[in-house]
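Novice: Chains A, B, C and D, in that order, are what the protein sequence lines are.
Quick note on our numbering: the first sequence kicks off at -10 and runs consecutively.
Quick note on our numbering: the second sequence kicks off at -10 and runs consecutively.
Quick note on our numbering: the third sequence kicks off at -10 and runs consecutively.
Quick note on our numbering: the fourth sequence kicks off at -10 and runs consecutively.
Worth flagging that the hints you see were computed from the coordinates, not collected in a lab.
Computed from a predicted model, the values in this text were never measured in an experiment.
Do not take every clue at face value.
If chains are identical, the list can't say which one is meant, so a pair holds when it fits in one copy or spans any two.
Derived lysine-lysine pairs resembling DSSO-like cross-links, with alpha carbons at most 30 Å apart [claimed, not checked]:
1) LYS144 / LYS79
2) LYS216 / LYS79
3) LYS59 / LYS144
4) LYS59 / LYS79
Each chain, written out:
Number of protein chains: 4
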Amino acid sequence: MMIVMKAGATQAEIDSVIHRIQSAGAVAHPSRGEEVTVIGAIGDREHVARLELEGAPGVAQVVPILKPYKLASSQVRAGERTVVDVEGRKIGGEHFSLIAGPCTVESRDQTLTTARTVAAAGASLFRGGAYKPRTSPYAFQGLGQEGLRLLAEAKAETGLPIVTELMDARDLEAVVEVADVIQVGARNMQNYPLLAEVGRAGKPVMIKRGLSSTLEELLMAAEYVLKEGNPNVLLCERGIRTFETAYRFTLDLTAIPVLKELSHLPVIVDPSHAAGRRALVTPLSLAAAAAGADGIIVEVHPNPDEAICDGPQQLYADQFAEYAEQVERAAAVAGKVLASAHA
Amino acid sequence: MMIVMKAGATQAEIDSVIHRIQSAGAVAHPSRGEEVTVIGAIGDREHVARLELEGAPGVAQVVPILKPYKLASSQVRAGERTVVDVEGRKIGGEHFSLIAGPCTVESRDQTLTTARTVAAAGASLFRGGAYKPRTSPYAFQGLGQEGLRLLAEAKAETGLPIVTELMDARDLEAVVEVADVIQVGARNMQNYPLLAEVGRAGKPVMIKRGLSSTLEELLMAAEYVLKEGNPNVLLCERGIRTFETAYRFTLDLTAIPVLKELSHLPVIVDPSHAAGRRALVTPLSLAAAAAGADGIIVEVHPNPDEAICDGPQQLYADQFAEYAEQVERAAAVAGKVLASAHA
Amino acid sequence: MMIVMKAGATQAEIDSVIHRIQSAGAVAHPSRGEEVTVIGAIGDREHVARLELEGAPGVAQVVPILKPYKLASSQVRAGERTVVDVEGRKIGGEHFSLIAGPCTVESRDQTLTTARTVAAAGASLFRGGAYKPRTSPYAFQGLGQEGLRLLAEAKAETGLPIVTELMDARDLEAVVEVADVIQVGARNMQNYPLLAEVGRAGKPVMIKRGLSSTLEELLMAAEYVLKEGNPNVLLCERGIRTFETAYRFTLDLTAIPVLKELSHLPVIVDPSHAAGRRALVTPLSLAAAAAGADGIIVEVHPNPDEAICDGPQQLYADQFAEYAEQVERAAAVAGKVLASAHA
Amino acid sequence: MMIVMKAGATQAEIDSVIHRIQSAGAVAHPSRGEEVTVIGAIGDREHVARLELEGAPGVAQVVPILKPYKLASSQVRAGERTVVDVEGRKIGGEHFSLIAGPCTVESRDQTLTTARTVAAAGASLFRGGAYKPRTSPYAFQGLGQEGLRLLAEAKAETGLPIVTELMDARDLEAVVEVADVIQVGARNMQNYPLLAEVGRAGKPVMIKRGLSSTLEELLMAAEYVLKEGNPNVLLCERGIRTFETAYRFTLDLTAIPVLKELSHLPVIVDPSHAAGRRALVTPLSLAAAAAGADGIIVEVHPNPDEAICDGPQQLYADQFAEYAEQVERAAAVAGKVLASAHA
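Could you build all of it, start to finish, from the sequences and the hints given here?
Specialist: This is how it looks when you write it as structure tokens:
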């Protein structure tokens, strides 16, 4: 950590900062420039992090040098990338995963039809929501346990592993029984008790980036899971909130190469929630795949016009095979191979 | 809800939209302009809300007319404002509340000293965190139950009602025993199971606006609580995330008059977390009070330089009386009277 | 335009709105719902646009129905796409353009070397700045007229048409003499006198999206040029400003499909300025091409480490051929063919 | 400037950075931590600024230490604040200025009526637009020279100095003849040739913050003016662009105390353009004054409902005296005295 003193900082203020660094058990390296003095604080990450010298007398700026996450960082694995194995389907490395399914589990027929369709088109995993976080308390909140049962049936029939969301730590046991990947939604990205719970649950976890979370905060959320001993974390970019109102969210594809620099964890992209409209899903999926994403999680429905939620953004199931084929070609540009169900 | 059709929409597409509106049990009012056709969908709020016509063939735009919240809206109380009574201290209406205390409960001495100081200076309620949401899993996470015990002691001694945060529904019982106002933090603003729980807990609730939540989303979070039968909700603006990096968050004071137009609920402002630096807390507090806020929640510490967390933004306890006096004058400009402890 | 009245609007307020619509020469279509009244204002785009009924007594919301741009809209060309012909190189439609060159013209050698390299690798046009908008008044501001002369020499030798920026209407004559495409920078996107001037200059114009401009504002900027009788406008996405600090700007690739829905004009992407770092330029270029961009404008330098400005984001000239080949493959996924210099 | 090397940076990469710092004429101070090496580059501001080491091999991060502006910085005046004298009216220091007038000069009657009203209520200066930057090329663009003539007449009658906007350097001569303060609009904040021109014009200049400009960029715009020898610059906060759609812009009042820390220049706030609606103008004005702004620039019209532009945000002239009195009280809370016309 570097502490930049104000131009007019007094010697007493400089000494006081040095003293606080030393009291925290770290070593202070002052270097006096012509205009300002900069003090390096070197020592144990945790102690230094607790210094909180911002706003102290004479301090102009505190510049962190080390990243606040450790287990999620590239360094910890010396550049080697994590490949998560989900019931034999590999995510990460050179493997490209297509995770597809309806926004919400609505009925047996809708669930099984979709599962069969995406399995046939080469999807790697099946997604579907049993518990749905809804902005409105009046909106459909998901089928809950009945939804989980239908997902289990879809897996039994197609062999596709299941990705489904956990919203409440009290549902953990029920979700763990069915889910092969536990999804933590964007609105819960900083629900720390929930993150710690899924860290202890022993199943791979996909964490969606919060609507206005920085990449550093996303990696800190991953750190909460990793710290509990669960190494199988997938990061998911799903669009951020900006000033632009022409689309629901702004998909941030720069996050893909940057997360891969900062971390060893696989990066998945969700174009459906970002776009909010079917017509944008294909171009954004191709872009994500070409940019080097490790996978895409996309919504598909046999009859989106009658979907209970998010119909406008769900792909038509009967167009999914063509979509999958295009995405596969885009992933190939980035040197990736689709890790499909029939592989 | 108005459905704006594309310029080139066919009659079949228009008919299909009308048909879907009618199937949902609503009435369709098409009006044909020279360039485009607009179809009004009039009926029950919930049914109309579920239409999801965005992206349907021929549809250019879907414009909601009614607000998605109802219990939180100004209309429901015909312009009358909610005044929340917390153990005899009134929040809302012409009453201005000063809620003060340390970021975190650290020790008996720190807690009681601060409580005595802010009580003497005229604070209305005492705040302090026992459970702390921290970006880093390595940071201090609060004293938990021991922290709650110290808050209870502070109340016993000073008579100040307690505001404290609940992060995990599983801690509800313990928190309810001590808290007079349950705080839901910004990161949990869309933690819907938690909102529903505090809605059922029967204590006033203060909901902090999420870092990138719209006012509409904040009011929808309030709706989750109100829907459970709890009418005592306080809304709290605490800074939003923008492109500006010169300060931690951008305090959005326009939210004050706008929330008061949209809703009958009191609006509190938290300048401490928005600013992140002590030097900005006073000017932002004065601004919030002058803009008509119903109260301020502010952090105070006897020795901020040694605070375990957020030291740089906590006011010095020995400067608090002067601060309170200035804020009182600013609130008077907006026609408000400090509802202080010695009132 | 739809005017949504407040729930409690009086008959007099409704009548007053209707009266103002009629005074403006438009027709009012009121429709009375159970909770609110909505009034359609139908008539000439300009008159209706000037109504300014926001905030009028009893008015809750004013919802524009027609887009404020006309010449830039898809409708005006009935779905046909504009293909801009720049000295025989086609931009738009199925043609993919690679526009490459140094950030700034620094010297004869640097300019000609880069031009030869990118021409050999299949670039369609040559870019280079003679006038540079710099945040700091102390920074290098470009070679000016001498820079233009060097660009002319590069064109003479390689045959590549020239794209260069105009910052000041008073330099128009000099720039027009050399430029085949006049670039209007992001910071000048709403410099309306400049836009009108380039509209009259009779050369194709590339308008970069402002750092926080909506797509609608970008299309309004295009409308300023089109209105002067110049049909050859290229739109350029170059990254927007968001809360994320891990990169300079957030490249908004959703803008590609959406601009193509809204407008008939070609869409170019500038990954260099968005990313600010070389390592991100290739993945973002591939993403843009796969998402259906009509071209990429990218910075290349023979020796970026010694570039006068923006060195860190310029590609190494000796790696450009490989880059071009990859981008060509990504464009093919979106059904586009590189319109290269040797075509 | 501090250069933070990557954890795995080689000695050769470290040496190369040191070499480049030295070649630029600066001194390199490497300090080797356990995990990373940090290199300080100390020397002349301009040389160091041109280093552009971001993205160089082995470099993780480049941290600027010195601010890129100099003449605009607090340091240059050793903490003394600039007070701008406009025809005897003082702006800055303990003086609070109320700058009022119509959005646009529409007619002789409208202009003179408004000028008389605001002068009588104690305004310090008169504002009015003769040249209007409009998003739409079809909108009213201002009366131009005729508008300037009417402003001159208003000044002759009321004695109020004139604030008016310059959009095009080619109109400078005409504007300078009438304006006592030249306004540079938000959309032109980074129009560098225009800034340099007004810097040479010898009249006070008010620069509005761009819609998504950082405070640092605003101060760099001021630096362009100051560098030309013009010391009389006013900074104006007028709302920034955020994700929130409930209001036109988000007024950023944190900018007031922070600009005053960073710079010696006076800070004016424009609540009218930020809010876009009359009902929000008063609370935001009171907030700005209480937060310590040096003045407010506000729009007033004798009959806003018939204003040619921005009617909904203009105050009713007959309510202005009451408004001015309230703002005066809020300014007093911050220790400021209204520098009114009748003082």
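Novice: Evaluate each hint against the coordinates.
Specialist: Hint check results:
| no. | hint | result |
| --- | --- | --- |
| 1 | LYS144 / LYS79 | within (17 Å within a copy, 50 Å between copies) |
| 2 | LYS216 / LYS79 | within (22 Å within a copy, 44 Å between copies) |
| 3 | LYS59 / LYS144 | neither (35 Å within a copy, 40 Å between copies) |
| 4 | LYS59 / LYS79 | within (24 Å within a copy, 47 Å between copies) |
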